[in-house]
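Trainee: Listed here are the chains, written in short residue letters.
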Amino acid sequence: MLSVLRSIWSIPQSMWGVFLHMFGRRATIQYPEQKAPLPPRWRGRIILSRDPDGGERCVACYLCSVVCPVDCIALQATTDETGRRYPEWFRINFSRCIFCGFCEEACPTYAIQLTPDFEMSEYQRAAMVYEKEDLLISGVGKYPGYSFWHVAGVAIGGKDKGQAEREKPPVDVRSLLP
Amino acid sequence: MSEGMRYALIIVIVLAALMSLAGLLIWVERRLLAVWQDRYGPNRVGPFGLLQPAADIVKILFKQDWIPPFADKVVFCLAPLVIVATTLTSFAVVVFAPGIAVADLNIGLLFFLAMSSLGVYSIILGGWSSDNKYALLGSLRAAGQMLSYEVFMGLSLMGVVMLAGSFSLGAIVEAQRNVWFVIPQFLGFVIFVIAGFAETRRIPFDLPESENELVAGYHAEYSGMKFAMFFLGEYIGITLISAMIVTLFFGGWLGPWLPPIVWFIIKTLIGLCVFILVRASLPRPRYDQLMAFAWKLMLPLSLLNLLVTGAILVARGN
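Quick mapping for you: the protein sequence lines, in order, are chains H and A. Numbering of the first sequence is given in my numbering, commencing with residue -16 and proceeding in unit increments. Numbering of the second sequence is given in my numbering, commencing with residue 6 and proceeding in unit increments.
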């Protein structure tokens, strides 16, 4: 009997509890006027970052294109006159992209990065395809001070083998003979 | 102004007020539900989102008026009209203030009960003519639920009728000059409110249209304006039940300072908000629980209420 009365009492109790929510804080974020706080690691719009010197970081290794589960990244590698690899063109189809971030994880040079920006709606489907000039930013993104060509053991114009940071000159194997 | 003109004017005002109130209730319900769920609700269209119902109606008017090829076309089109017609007709006997009523019949309460029983036809015919298993199951549930709950809905009001000595809604309000009937008839009030929720098929008694089991129940095949008619019927229905609760238990238009009609409107609006609050807070029971609750608990309770009220009246010698 007591439990029956208690369950009946729970009905006005829960109604009162719901009523009190009238004076509680709203959970809604009024979006266009009020922006949701996005964490710095938010996986949004993809960009291509640059070296501290302003050169492109991307070495056109195709790893991002290979790892992409929806095949939305396409590029063509080429070499400049100093022997530096770079993408001739770089294309991301954002109407396919699922923002999984695998490309960022695969990238050996920190070139491709995901940014906290999701406001990229378009009226035309074709406008969702971003070319290299749309993707390249002028800054270093999340990795300031990192320059792949300064640490890579590859000879490019103006830098021979053994001249990179934390690298010793190559050993002449013939000098090691007994 | 002649007598006929006066009544025509009252009818037009009541119809217009009810239709616009039903439209506005869409906004009120969405807004209040949102407020009680820590949200804002529709607040973009017009000031405070007040034009949201207008936008909804424009949208629903431009929807394709689709009748399923397997449906019984005539009945399918007629069914939504029945519920609007019966609920609107019930308002004929509601006394808004002294002298402001379409017809203060001496059998007003019986008329209301009869009309709310007729409303079941709309749901049964709508579900039957849809030729859809979910719609049919929904309308079967509605038929069982409304028949069961009507039994003690009528019985719960008999206490009020005994105290007032009349079936006329005007006389019932006048009989509450000293004390509102919610105090001497508290049990009857609770039973009537429960039956009223079941009659309007609102949460927690919305089993005929329970979304997670029956898609949308009896109106699963309806769209466009015909669907809107079902909704209009539902909103006018809750306004009617709220107006009846106010008339029968909360002294109708009686109240100090303000004009009688204002008191009636304020009380009815509070009733509507309680309807929405209940929707925001209570879950829906299982169908067998619903039936057992009606026949094993509510019916005996309303009979007990009837007996005790009668006994007290006889003992007091009137």
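I should point out that these hints are in silico values taken from the structure, not numbers from a laboratory. For every residue, glycine included, the Cβ atom is placed at its ideal position computed from N, Cα and C. Just so you know, not all the hints are guaranteed correct.
Chain H residues, not near chain A, derived (Cβ > 12 Å throughout) [claimed, not checked]:
hint : residue
1    : -5
2    : -1
3    : 0
4    : 30
5    : 107
Going by beta-carbon spacing under 7 Å, a handful of chain A positions derived as facing chain H [to be verified]:
hint : residue
6    : 41
7    : 44
8    : 45
Trainee: Are the hints correct? Go through all of them and say.
Mentor: Evaluation of the provided hints:
A cut-off of 12 Å between C-beta atoms contradicts the statement that residue -5(H) is not in contact with chain A; the least separation is 10 Å. A beta-carbon of chain A is positioned within 12 Å of the beta-carbon of residue -1(H); the least distance is around 9 Å. Listed as outside the interface, residue 0(H) is inconsistent with that label: its C-beta sits roughly 7 Å from the nearest C-beta of chain A, within the 12 Å cut-off. The claim that residue 30(H) is not at the interface with chain A holds, since no C-beta of that chain comes within 12 Å of its own (minimum 33 Å).
The beta carbon of residue 107(H) sits about 26 Å from the closest Cβ of chain A, which is more than 12 Å, so the claim that it is off the interface holds. Interface hint at residue 41(A): satisfied, since its Cβ lies 5 Å from the closest Cβ of chain H, which is below the 7 Å cut-off. Hint on residue 44(A) holds. Least Cβ distance to chain H is approximately 5 Å, under the 7 Å limit. Among the interface hints, the one on residue 45(A) holds; its C-beta lies about 5 Å from the nearest C-beta in chain H, closer than the 7 Å criterion.
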